[in-house]
Amino acid sequence: MNNRIALRKKFKKIEKLKKTCISNNLQDNINMFKEIYSPKITIGTVFREFELSLNNNSYRCCAIFIEGLSDSDSINDNILKPLMIKQYNFDNLDLAQAIEDKILLQGNIDNKEKIEEIVIDINAGNCALFIDTLSHCYICDVKQNEHRTISTPINEVAIKGPHSGFVESIRANTALLRKVVNDENLMLEKIEIGKRSNTTCLMGYISNIANPKIVDDVRNRLKNISIDYLLDSGQLEQLIEDHPLLTMPQTISTERPDKIASHLSEGRVCIMVDNSPYVIVVPCTFWDLFHSAEDYSIRFQHATFIRLIRLVAYFCSIFLPGIYVALTNFHVSLLPTDLLFSIAAIKESLPFPLLIEILVMEISLELIREAGARMPNSIGSSLGIVGAVLLGQASVDAHLVSPMLILVVAITAISSFATPNYSLAFTFRILRFVYIILAAFMGFLGILFGAITHLVILCSVYSFGVPYMVGFNRYNKNPFTDTVVLAPNWLDEFRPPFLNPLNLRKTSHIARQWDSNNKKGK
Amino acid sequence: MKNLYLVIISILCLTMLTGCTESKELHEHAYVIAIGIDKSENQEDRIRVTFEFVIPIAFNAESNSQVSSITTVESTSLHSAISLANTYISKELNLSHNKVLVFSEEIAYEGLEKYVSTISNDKNYRTNMYIAISKCSAEEYIKNTKPELEKNPAKFYELLFRGYDYTSLLPNSYFLGFFLSTRSTHANPIAILTNVDTQTQETAKAIAEPSESLGPYDSNITAGNIPKEGGASTAALGMVVFKNGHAVGELTGEDTIYFQMSKNSFEEVYYSIYDPFIPQNTIAFNLSKKGNTKIKVDFVNNKPLIFIEVNLQGNIISINNDVDYQNEKNLEIIQKHLEYVIHRNLETFLYKTSKKFGSDICAFGKIAAKNYLTITEWKQNNWLEMYKFSYFKVKVNVEIEKSGLIFLE
Numbered sequence: 115m116n117n118r119i120a121l122r123k124k125f126k127k128i129e130k131l132k133k134t135c136i137s138n139n140l141q142d143n144i145n146m147f148k149e150i151y152s153p154k155i156t157i158g159t160v161f162r163e164f165e166l167s168l169n170n171n172s173y174r175c176c177a178i179f180i181e182g183l184s185d186s187d188s189i190n191d192n193i194l195k196p197l198m199i200k201q202y203n204f205d206n207l208d209l210a211q212a213i214e215d216k217i218l219l220q221g222n223i224d225n226k227e228k229i230e231e232i233v234i235d236i237n238a239g240n241c242a243l244f245i246d247t248l249s250h251c252y253i254c255d256v257k258q259n260e261h262r263t264i265s266t267p268i269n270e271v272a273i274k275g276p277h278s279g280f281v282e283s284i285r286a287n288t289a290l291l292r293k294v295v296n297d298e299n300l301m302l303e304k305i306e307i308g309k310r311s312n313t314t315c316l317m318g319y320i321s322n323i324a325n326p327k328i329v330d331d332v333r334n335r336l337k338n339i340s341i342d343y344l345l346d347s348g349q350l351e352q353l354i355e356d357h358p359l360l361t362m363p364q365t366i367s368t369e370r371p372d373k374i375a376s377h378l379s380e381g382r383v384c385i386m387v388d389n390s391p392y393v394i395v396v397p398c399t400f401w402d403l404f405h406s407a408e409d410y411s412i413r414f415q416h417a418t419f420i421r422l423i424r425l426v427a428y429f430c431s432i433f434l435p436g437i438y439v440a441l442t443n444f445h446v447s448l449l450p451t452d453l454l455f456s457i458a459a460i461k462e463s464l465p466f467p468l469l470i471e472i473l474v475m476e477i478s479l480e481l482i483r484e485a486g487a488r489m490p491n492s493i494g495s496s497l498g499i500v501g502a503v504l505l506g507q508a509s510v511d512a513h514l515v516s517p518m519l520i521l522v523v524a525i526t527a528i529s530s531f532a533t534p535n536y537s538l539a540f541t542f543r544i545l546r547f548v549y550i551i552l553a554a555f556m557g558f559l560g561i562l563f564g565a566i567t568h569l570v571i572l573c574s575v576y577s578f579g580v581p582y583m584v585g586f587n588r589y590n591k592n593p594f595t596d597t598v599v600l601a602p603n604w605l606d607e608f609r610p611p612f613l614n615p616l617n618l619r620k621t622s623h624i625a626r627q628w629d630s631n632n633k634k635g636k
Numbered sequence: 018m019k020n021l022y023l024v025i026i027s028i029l030c031l032t033m034l035t036g037c038t039e040s041k042e043l044h045e046h047a048y049v050i051a052i053g054i055d056k057s058e059n060q061e062d063r064i065r066v067t068f069e070f071v072i073p074i075a076f077n078a079e080s081n082s083q084v085s086s087i088t089t090v091e092s093t094s095l096h097s098a099i100s101l102a103n104t105y106i107s108k109e110l111n112l113s114h115n116k117v118l119v120f121s122e123e124i125a126y127e128g129l130e131k132y133v134s135t136i137s138n139d140k141n142y143r144t145n146m147y148i149a150i151s152k153c154s155a156e157e158y159i160k161n162t163k164p165e166l167e168k169n170p171a172k173f174y175e176l177l178f179r180g181y182d183y184t185s186l187l188p189n190s191y192f193l194g195f196f197l198s199t200r201s202t203h204a205n206p207i208a209i210l211t212n213v214d215t216q217t218q219e220t221a222k223a224i225a226e227p228s229e230s231l232g233p234y235d236s237n238i239t240a241g242n243i244p245k246e247g248g249a250s251t252a253a254l255g256m257v258v259f260k261n262g263h264a265v266g267e268l269t270g271e272d273t274i275y276f277q278m279s280k281n282s283f284e285e286v287y288y289s290i291y292d293p294f295i296p297q298n299t300i301a302f303n304l305s306k307k308g309n310t311k312i313k314v315d316f317v318n319n320k321p322l323i324f325i326e327v328n329l330q331g332n333i334i335s336i337n338n339d340v341d342y343q344n345e346k347n348l349e350i351i352q353k354h355l356e357y358v359i360h361r362n363l364e365t366f367l368y369k370t371s372k373k374f375g376s377d378i379c380a381f382g383k384i385a386a387k388n389y390l391t392i393t394e395w396k397q398n399n400w401l402e403m404y405k406f407s408y409f410k411v412k413v414n415v416e417i418e419k420s421g422l423i424f425l426e
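Protein chains in written order, with the working numbering: chain A, 115 to 636; chain B, 18 to 426.
In isolation and in its complexed conformation, chain A is listed as follows:
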């Protein structure tokens, strides 16, 4: 018990210490930081002490950095070498000026006095250089910028369109984004979230397009998050969205720079989180989750066709099992007679009621999917065989479920895979069970009740001031632009009006100006 109290006292003291500024006595400073980092207990923090000769005086120096996070080559070449090897004589310069102007070879340096800030920098991988008699220290940006090589986005595949995806390093991500957007108006504001982790987040927007109210709103929310550790953008999503209890995703989360660029160009705001390859885009509407990255890279007729198919997939993945239950348990008169008789003939030998049958099959499907997601790839394929052969074929042979049901469950599963947004697919998977239960109790009445309730809830939802179900761009001549039907991009003249961007028009009235007839598209 005493130990706990002592420890707590010690940490409180350190917290207090962090609020203060450093002194001009090097040994004091070193002791202070040794107390913070406790190098006797844990390894990693390097306290490299050395001497600098200047104007015939020698000053004790200390470089503090974290092994592995900092680039040791740049520390050796740019900091230690120039400071240690030579003897300098600059009569007209004082110590601080000489170091800044003449000696330190590091490109990005900063003067800092507050211990709190210095600690954050050291944690981030920078090197803090303390020099005796100076009451500030130099922060040299020597972060090691190692990251996974930029590769195709694994979870958002597009056949046509660019093939680079974000990685875990925020520096690489900003470079990728800047390369795609290529606009000096792209603002990337740095906001640190996490009282302990101080995770770097960047809020990106195009300053002369994005609605300042939305930008302010996002900034306000990001700055007012009180959390110890922020580890991933998925965590941040939940911290900033308007309705955290809703199952529907309320932010767009993507690992494709091209998708982020297209959203930014519409006037939306993106949020990058360090160490996360997924970037968040807000505001988000229902129809944004309906679109895939590929839609804008292919011809508009093809995109519209795919979207119609996707609409069917959405419908099936939510309602199909529920409809099957309602049809067979309540509304047999709606089934074609031949189908009815063939189902009835099979059902004759099945022991369980339909509700149990369908729940068993749906739950085992979820099991297969969950197992498949957690399995290493090499075992994954054999899991598929077990799932398909054992569960499908054997359960029919064992007279546990009817083949018709297997068909329904299979179509539902395929439809669910066709949903482009991973988070939305999750929502549908949960909702499907709700609709099965509703259908089992009340038939189509129940499904209708659920659907209307669901729709009313969705219509009352806002995402960063934008109604969630907003969809139609009334400025465009084609009212269906970019919901289900995708208009050709020379007809899609305006940015989404619900975002109220600073600059509404995005395409000239005549986009195809080479066309001598000057008639759009003809």
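Treat the hints as calculated values from the structure; they're not laboratory data.
Treat the hints with care, as some may be off.
As the list claims (entries may be wrong) - Listed next, with one range per pair, are the computed distances between beta-carbon atoms:
hint	chain 1	residue 1	chain 2	residue 2	range
1	B	Tyr183	A	Met518	29 to 35 Å
2	B	Ser282	A	Met518	35 to 41 Å
3	B	Ile25	A	Val503	52 to 58 Å
4	B	Thr299	A	His416	53 to 59 Å
5	B	Ile25	A	Gln507	36 to 42 Å
6	B	Asn309	A	Val503	55 to 61 Å
7	A	Ala512	B	Gly248	41 to 47 Å
8	B	Ile25	A	Met489	48 to 54 Å
9	A	Pro517	B	Gly128	45 to 51 Å
10	B	Ser82	A	Val599	49 to 55 Å
11	B	Ser335	A	Gln507	34 to 40 Å
Glycine included, C-beta positions come from ideal geometry on N, C-alpha and C.
Given the structure of chain A, go ahead and fit chain B onto it with the hints provided.
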């Protein structure tokens, strides 16, 4: 939180109050596909109800086991018959897939109104089941119906009674239309005529009386008199005319063609006439609809005068080597003759409906109603009674395509 409670309470209300009482696994029903209603032989006030229901497991069995079962119950009403039948059929009778409602001729002439209005109040029936009148008893008809091409008898009924699409020899008579016509002020209902076919070629010849038709009388018969051998033992041909809820007479298959023409529901038929050049030969046409039938109703001396203009298209499909059907003059003669035959037969049919039956089965009332300003005026004049004083002016336009023959040098 308050909203969440509200949602939970409303879900509970819906589940508890509506309940799953209606929920039933679909194999726990016995699906009736045909219902027959006859008069009881002994007691006046009782009826005999015949149910045909399928045995689904027999569909999957490889053997030729029976796929449907037929049972007959005697009771005072249709619904008590259902209850009685459920005492010995293990599964609840489900009427939602009933395909046909067969009444015996006896009941039809007595009046169908009470059965039809009872059934219309019951949501368990399909509104698109067919209404058929059997010349034999309904029980006999259902028992003798043995599908040859289908395993599923429901499919048999569905396809057989849909024959009006391509033969025009039987009318389209489904329950909702029949029910609405019995209540209507501008039309009278009709039903399909069915019978067990027992005639051989010899006996049929004796029955076929010479009628008013100018054609070769092929289809100028009703079900039960088809000169045939083999095939299914029951048939649907011709129709029964109703007035005030009870049957008043029957019309032959050929009459049904004219019925479809005047009702504007005619699609196509094979139609033959005697050859105007060689009278012992017949020429067969494939008659089809060219345009809508134009109908106008006027009143002369308070009697309806009905103008009908029928527009048809005919392709010659029979070949007679002696006559050049490609010759325009010959074609014109044939066309004139065909128009004349159809004209005469149509006129005979229309006067039969008005003078003989006094029943507006072709729904001319719909057009006649345009002559009245208010619905009270229309109801006062009682069109259905007035119809028997109708006169008709018929015009038939047939266009004969030149290239009717495929293999001709």
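Verification of the hints:
no.	hint	in the structure
1	Tyr183/B - Met518/A: 29 to 35 Å	holds (33 Å)
2	Ser282/B - Met518/A: 35 to 41 Å	holds (37 Å)
3	Ile25/B - Val503/A: 52 to 58 Å	violated (41 Å)
4	Thr299/B - His416/A: 53 to 59 Å	holds (58 Å)
5	Ile25/B - Gln507/A: 36 to 42 Å	holds (40 Å)
6	Asn309/B - Val503/A: 55 to 61 Å	holds (59 Å)
7	Ala512/A - Gly248/B: 41 to 47 Å	holds (44 Å)
8	Ile25/B - Met489/A: 48 to 54 Å	violated (38 Å)
9	Pro517/A - Gly128/B: 45 to 51 Å	holds (49 Å)
10	Ser82/B - Val599/A: 49 to 55 Å	holds (53 Å)
11	Ser335/B - Gln507/A: 34 to 40 Å	violated (58 Å)
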